[in-house]
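J.: One letter stands for each residue in the lines below.
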Amino acid sequence: MAESIVKGVVQAGVLPSSRIRTAHSNPKRCAAFESFGVKILPHNQAVVEDSDVVIFSVKPQVVKDVVLQLRPVLTKKKLLVSVAAGIKLKDLQEWAAHSRFIRVMPNTAASVGEAATVMSLGRAATEEDGELIAKLFGSVGKVWRADDKYFDAITGLSGSGPAYIYLAIEALADGGVAAGLPRELALGLASQTVLGAATMVTKTGKHPGQLKDDVASPGGTTIAGIYELEKAGFRGVLMNAVVAAAKRGQELSQS
Amino acid sequence: MEIIPIPTETYKLGFIGAGKMAESIVKGVVQAGVLPSSRIRTAHSNPKRCAAFESFGVKILPHNQAVVEDSDVVIFSVKPQVVKDVVLQLRPVLTKKKLLVSVAAGIKLKDLQEWAAHSRFIRVMPNTAASVGEAATVMSLGRAATEEDGELIAKLFGSVGKVWRADDKYFDAITGLSGSGPAYIYLAIEALADGGVAAGLPRELALGLASQTVLGAATMATKTGKHPGQLKDDVASPGGTTIAGVYELEKAGFRGVLMNAVVAAAKRGQELSQS
Numbered sequence: 001m002a003e004s005i006v007k008g009v010v011q012a013g014v015l016p017s018s019r020i021r022t023a024h025s026n027p028k029r030c031a032a033f034e035s036f037g038v039k040i041l042p043h044n045q046a047v048v049e050d051s052d053v054v055i056f057s058v059k060p061q062v063v064k065d066v067v068l069q070l071r072p073v074l075t076k077k078k079l080l081v082s083v084a085a086g087i088k089l090k091d092l093q094e095w096a097a098h099s100r101f102i103r104v105m106p107n108t109a110a111s112v113g114e115a116a117t118v119m120s121l122g123r124a125a126t127e128e129d130g131e132l133i134a135k136l137f138g139s140v141g142k143v144w145r146a147d148d149k150y151f152d153a154i155t156g157l158s159g160s161g162p163a164y165i166y167l168a169i170e171a172l173a174d175g176g177v178a179a180g181l182p183r184e185l186a187l188g189l190a191s192q193t194v195l196g197a198a199t200m201v202t203k204t205g206k207h208p209g210q211l212k213d214d215v216a217s218p219g220g221t222t223i224a225g226i227y228e229l230e231k232a233g234f235r236g237v238l239m240n241a242v243v244a245a246a247k248r249g250q251e252l253s254q255s
Numbered sequence: 001m002e003i004i005p006i007p008t009e010t011y012k013l014g015f016i017g018a019g020k021m022a023e024s025i026v027k028g029v030v031q032a033g034v035l036p037s038s039r040i041r042t043a044h045s046n047p048k049r050c051a052a053f054e055s056f057g058v059k060i061l062p063h064n065q066a067v068v069e070d071s072d073v074v075i076f077s078v079k080p081q082v083v084k085d086v087v088l089q090l091r092p093v094l095t096k097k098k099l100l101v102s103v104a105a106g107i108k109l110k111d112l113q114e115w116a117a118h119s120r121f122i123r124v125m126p127n128t129a130a131s132v133g134e135a136a137t138v139m140s141l142g143r144a145a146t147e148e149d150g151e152l153i154a155k156l157f158g159s160v161g162k163v164w165r166a167d168d169k170y171f172d173a174i175t176g177l178s179g180s181g182p183a184y185i186y187l188a189i190e191a192l193a194d195g196g197v198a199a200g201l202p203r204e205l206a207l208g209l210a211s212q213t214v215l216g217a218a219t220m221a222t223k224t225g226k227h228p229g230q231l232k233d234d235v236a237s238p239g240g241t242t243i244a245g246v247y248e249l250e251k252a253g254f255r256g257v258l259m260n261a262v263v264a265a266a267k268r269g270q271e272l273s274q275s
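For the protein sequence lines, the chains are D and R, in the order given. Residue numbers for the first sequence follow UniProt numbering, so the first one is 1 and each next one is one higher. Residue numbers for the second sequence follow UniProt numbering, so the first one is 1 and each next one is one higher.
Since the hints were derived computationally from the structure, they do not count as laboratory data. Be aware that a few hints might be false.
As the list claims (entries may be wrong) - What the simulated footprint calls covered on chain R by chain D, stretch by stretch (three residues with Cβ under 8 Å from a Cβ of chain D suffice, anywhere in the stretch; the number is not a length):
| id | region |
| --- | --- |
| 1 | 128-141 |
| 2 | 150-161 |
| 3 | 193-199 |
| 4 | 231-238 |
| 5 | 251-261 |
| 6 | 268-274 |
Said to hold, decoys possible - Looking from chain D toward chain R, a few residues come up when the C-beta cut is under 8 Å (computed):
| id | residue |
| --- | --- |
| 7 | 64 |
| 8 | 146 |
| 9 | 154 |
| 10 | 159 |
| 11 | 161 |
| 12 | 165 |
| 13 | 193 |
| 14 | 197 |
| 15 | 212 |
| 16 | 228 |
| 17 | 235 |
| 18 | 242 |
To be verified - Simulated crosslink set (BS3-like; lysine-lysine; CA at most 25 Å straight-line):
| id | chain 1 | residue 1 | chain 2 | residue 2 |
| --- | --- | --- | --- | --- |
| 19 | D | 206 | R | 27 |
| 20 | D | 7 | R | 223 |
| 21 | D | 88 | D | 78 |
| 22 | R | 84 | D | 206 |
Glycine included, C-beta positions come from ideal geometry on N, C-alpha and C.
Given only the sequences and the hints, what does the whole structure look like? Please build it.
T.: Here it is, written out as structure tokens:
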């Protein structure tokens, strides 16, 4: 995730890599960041001391220990950010002993510059702090702001949602093959079809139901396909997935 | 008889049928700099449609015959129900020096070639996302269409999305997948948003996230070249939220349902193209 953000931020010109620093015990990881021009420091404490904005991009299981360990140098002059899934803002603020914290939930598509990212602001994070972080993450996709209480549901939708779509792309390709297409063509068309449809929604701002109406001509192929989906409760199944994932997110963030 | 190549730097492009698909192609082609609008012409009885094209700098001619006579490449973008009559009517001026293209869904290449009385025809099946520059387009080449003809058309349609080449026999299945597929995804986006709302999210946030999530996932598939099953494995961590969601989909046969949609739409496409 850190690598995706660095790549996006540098390529978009949001800030030069000379102003970015990190540390890692694994020389391979350091090499990856150095290739972008990022400064490598010997340990996390040095990174914090040399930074105004600190992004915690460690795995959720270790974020508590890492923040507690760095607490002495996490002054209120620094804006703190966490991208750890399932870690609540109130806990982050407690561990850091201050509330100039912003919680950010990006998703896997940050690595291709099309993330769906949501952020929630801690009590002491200012509007300008929020704009700064929005600009950073805007370089890898789209950004929304929401209250921290929504983050389990967000995890179930934008966090886990990409996997549901990977299943859909595979199924569309399989459907194409069942209808007689060669695999490579079917898979290429399936991915591009999904990409185009999502682009129609994001760019036209039309309701998806209206977009569906626009393309389902009387007695045509499209309504025949839709009929199969509706008969089988396709939409309800997708709702189930989001709700189940959100519920699991809630269980995990309370454990 | 020798086929005269279309001059790639100076050819004139004519649209028979100035509808939404033609508009999308013109917009894409001009914005991508593939050819300047001064080399594009069309005709339409409706002044509003003419105004839409004129605003791009496209030349408006009084009728279809004038468009054909003033073009090297002619795209038939009229509705499928009328394409036969239009081609037959224009047959006298459809010389073999002109490259003919049809974007009419469900109209076979062999029929197009029969109506035009020559086979320098290319059939193209774009989809609705041409209007936002992300079409999934497939083309099949008629017997007398050359490789260079194919590349010229691929470049044109490459300005509104991605292009594949395939045999004409695959086009009913293609219609069921890339032609009708966008609608299945509109349903999916609405359902993801509804799921988000069911889980407590405000509607606007849920819908925005749903659309962007689908966009990002498709971008991962197209840009990384990884198998979708591998991409799913990459993000489904042990006992996590993602596998919980995936479990619901698998339990309900989600993938089989989508296969049904593609197969049913392809079957309907076959029925329509044989009628």
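J.: Given residue 212(D) as an interface hint, is its Cβ closer than 8 Å to any Cβ of chain R?
T.: Status holds, d = 4 Å.
J.: May I ask you to test the interface hint for residue 154(D) with respect to chain R, counting a Cβ-Cβ separation under 8 Å as satisfied?
T.: Nearest chain R Cβ about 7 Å off; hint holds.
J.: For the region 268-274 of chain R, count the residues whose Cβ lies under 8 Å from any Cβ of chain D; is that count three or more?
T.: Answer holds; 3 residues pass the 8 Å Cβ test.
J.: Hey, residue 7(D) versus residue 223(R), does the alpha-carbon distance stay inside 25 Å?
T.: Given that 25 Å is the threshold and the Cα spacing comes to 15 Å, the pair holds.
J.: Can you verify the interface hint for residue 235(D): is its Cβ closer than 8 Å to any Cβ in chain R?
T.: Residue 235(D) check passes; min Cβ-Cβ to chain R is 4 Å, inside 8 Å.
J.: Count the residues of the region 128-141 of chain R whose Cβ falls closer than 8 Å to any Cβ of chain D, and tell me whether that reaches three.
T.: Holds, because 9 residues of the region 128-141 of chain R bring their Cβ atoms closer than 8 Å to Cβ atoms of chain D.
J.: Does residue 228(D) meet its interface restraint, that is, does its C-beta lie within less than 8 Å of any C-beta in chain R?
T.: holds (4 Å)
J.: For the region 193-199 of chain R, does the count of residues with a C-beta closer than 8 Å to a C-beta of chain D reach 3?
T.: Since three or more residues must qualify, the claim that chain D covers the region 193-199 of chain R holds, with 6 doing so at under 8 Å.
J.: Please verify that hint: residue 197(D), Cβ, nearest Cβ of chain R, below 8 Å or not.
T.: It holds, given that the least Cβ distance between residue 197(D) and chain R is near 4 Å, below 8 Å.
J.: Has the region 251-261 of chain R got at least three residues whose CB is nearer than 8 Å to a CB belonging to chain D?
T.: This one holds; 10 residues, not fewer than the three required, reach chain D with a Cβ under 8 Å.
J.: Keeping to a limit of 25 Å between CA atoms, is the pair of residue 84(R) and residue 206(D) held or broken?
T.: The hint is violated at about 34 Å.
J.: Taking 8 Å as the limit, does the beta-carbon of residue 242(D) come near enough to a beta-carbon in chain R?
T.: Holds - the Cβ of residue 242(D) comes within 8 Å of chain R, reaching about 3 Å at its closest.
When held up to the earlier numbered hints, the structure conflicts with 2, 7 and 22 and fits the remainder.
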